[in-house]
Amino acid sequence: MPRVARVSLIVGLALVAGVLLWQALERPPVPAEKSFPLAQLLSIDEDGFARADKHWEFRFPDDHGAHPEFRSETWSFTGNLEGPGGQRFGFQLALFRLALSPDPGQRSSAWAANQIYGAQFALTDASLGEFRAYERVSRAALGLSGSSREPLRVWLEDWSLEVRENREGQSGFHLAVDAEDLALALRLDPKKPPLTQGDVDLLDAQPSGRGSFHFYFMPRLEVAGTLRVGDRDHRVRGTAWLDRAWGAVPLSRGQIALNRFALQLADGRDLLCLQLRRRDGSGTPIPSCLLVADDGSVRRFGRREIEMEAVGDWRSVVDGSSYPLHWRLTLPAEGLDLRIAPVLENQELNLSLRLWRGAVKATGASQGDAAAGWGYLELSGYAGSAGSA
Amino acid sequence: MRFRIIGVLIVSVFALFLSGCGEDAEQEDVPKSKLGKVSAEPQRPGDPQAGHDALLNRAVVTCGLPYSAYEASAGDPDPKLLIAGRTGRNAALPYSLTAFTSPSGVELVTANCLGCHAATFNGEMVIGLGNEFLDFTSDPVVAVESAGAYVNGEAEAAEWRRWADRIGAIAPYMMTNTVGVNPANNLTLALLAHRDPETLAWSDAPLLDPPPERPLPVSVPPWWNVGKKHAMFYNAEGRGDHVRFMMLSSTTCTDTVEEATAIDDWFTDVRAYLAALEPPDYPFAVDHALTEQGRKLFEANCKRCHGIYGEDPRYPNRVVGLEKVGTDPALAEVAYKDADRFIRWYNRSFYGETSRVAPALGYVAPPLDAVWATAPYLHNGSVPTLEALLDTSKRPRYWRFASDRPAFDEKALGWAYVQSPHGKDGAMSWDERYRIYDTSLMGYSNEGHTFGDELSDAERAALLEYLKTL
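In the order they appear, the protein sequences are chains A and B. FYI, my numbering numbers position 326 of the first sequence as 326, with every residue one higher than the one before it. Count along the second sequence from 1, add 389, and you get the number used in my numbering.
Derived from the structure by calculation, the hints contain no laboratory data. Fair warning: this is a prediction, and the values are worked out from it, not measured in the lab. All C-beta atoms, glycine included, are put in the ideal place defined by N, C-alpha and C. Incorrect hints may have been included.
Ranges of calculated distance between the beta carbons of each label pair, as one might list FRET restraints [stated by the list, open to error]:
1) B:Glu543 <-> A:Ala333: 39 to 47 Å
2) B:Met817 <-> A:Ala50: 35 to 43 Å
3) B:Lys713 <-> A:Ala333: 42 to 50 Å
Just need the whole structure built from these sequences, with the hints factored in.
Structure follows, in structure tokens:
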């Protein structure tokens, strides 16, 4: 049942974006003050903001930039890199924007701002066995953070994303991040066209409802650039992907927890899988997958076409919470049989919200030939599982 | 994003074709019916007006999605889906959904009968017309579970889990392989398999061998024939009190005899309304120069099984044997030969107190009131137009609806369709595969009812013209 995947993919993509907001809002990492009512943001009504309940004609590169008329928005770049000596790195840079009110009105202070920008940056250095994560939140005031159209740019202090044309006239992304002794400067060029909500949800693309949002997904970006770790500069290359959403990006996952697998195979295919779980552990988890071929064409797999099994756990060093980090994932119809293992076990994010999100390696077989790839696994809803595990 | 919640909520079905596998027929507690005339049996009286109101506003399925989650994910309904006569919260819900407040105080959005038994014809919503465009090919579980992302609060979560668990249990039995056909029969059997017949208590593990997973296709019959028919369902297996069959969609969530009795109390009114329901009038031009010739042809060739219409209508209530009618036998055969465990379940349950299941090895020749509105034809919906029904040379072997929205073909009398050069096996995509009606598949045959083949083209045209007046 391939079409079944579409609903959960939509939810999955959105929730991945939504959790970024949620993480930042749940425990504000900046001191609360009256003019900066983060605590009340969750209760802000969507009224007055543009609603993402109408057909959206995606236009690129414009849609890579901010859509400030919508309440919330996310950009999330995730990928795996390799240094000249074969060192492996995983990275994620996620940016979000949140509007405080649909009508900012006139404010006297230069500190006043109607937009809040936040970001998370995580780097996994597999060769050193290190995982580091950083988080920032800032108001769009005094130029500290913001977005612009010319050039197409989103920034939060010295963390930034900029869209630039390459020599062939194609739009690519430039990411720059500086955090303590880490510095990342990457260029990311799309190798496949974006998958929009219409591609993922072919028959029912029309969004509706207050909880609506627009999204797209760029399944494969080719990456080249530099990574500085301490006093060492690495020339790095690799692949990444981009998740984007704007509108009323859901801030909560309700009763649902999600495991998300994003794998970029060496043969040029990209595999995105979600496993929907109930938070209370009842019911049967539901997997769905999207396989993007080298030419960008998409095939969906429903729960009856997927075998997904956790084959090894890891216990959090924080409190012993148990995370399933080792998996076997099989798509029998595709002859694809993969084992997924983390490049480093301790990639538990312990910022505003705890979850495990980290770089993984996939090895196995495709139609009898060897298959391999790199990716990311995101596991939410396991923190605090120590008692019951 | 909208979940396909509306589609998912349509699990409110009352068709019952007892089909399963593995048991031998003819035992004392498993009654079977003979071919030929079906006798009338007394029906409990009810108030048609109250029944109409109940049908539009009361919930027969008592589990569903918490309203708060529905509101967050579904958005404002298309105004075309709002119908008159609905009150309170229902007035703002699409016609196929009914609000219900659970005993725990959570407002729910639940499936109702109209999800399958109302449809638009020529821009008008017709209550009682089967919706032949519903898509049961996708897995409802994904949408039901995903909807949990919008469910917050303990009481809401408990209600959502209960609904999701029920849908999860029956989902494998309700997925068809063709858009448009209805899985109601199989779905109902799957529900019965999870219930104790005496107490109606739900069991997560099936108590009976469940039915085969792949449903046999059925077309949704029109409600305005209910008043004429002595037995319910295509194989006339629904004998005795019709109310208990009509309320079978309650088996999704009704877990006690007490709850079932409460629904039964008002469903007598619903039955009275359905029995009094009038068929719609043909909304397009009729060539009255032809209809009289058509009437004569009809009365010479069709009335023995289908009856007489007009001033002094008569309907014979006849079950025609499989060999004689020649239409796809699977549905009737399975119900007759391989479903004894479900027949036993029904007949000893609350539902069987005033009614009984007794399948016949044949199909009822249905009343033909407003037959022009009820394409596609035959019990399995295998023949897209009346013209093709009366001329087997015009029946497409592989076909699909010409558009997602019903487009009526005034010449052929049916939904506009296109022929496919290949069956499902030749489809290039899953979407195409699901849309092709492939009459070479088991249960999907378009054979039989060849009685129109002997007519000349002119006679057939006259007969078709007459059928517009029914």
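Hint by hint, here is what the structure shows:
no., hint, in the structure
1, B:Glu543 <-> A:Ala333: 39 to 47 Å, "holds (40 Å)"
2, B:Met817 <-> A:Ala50: 35 to 43 Å, "holds (38 Å)"
3, B:Lys713 <-> A:Ala333: 42 to 50 Å, "holds (44 Å)"
In this structure, none of the earlier numbered hints is contradicted; all agree with it.
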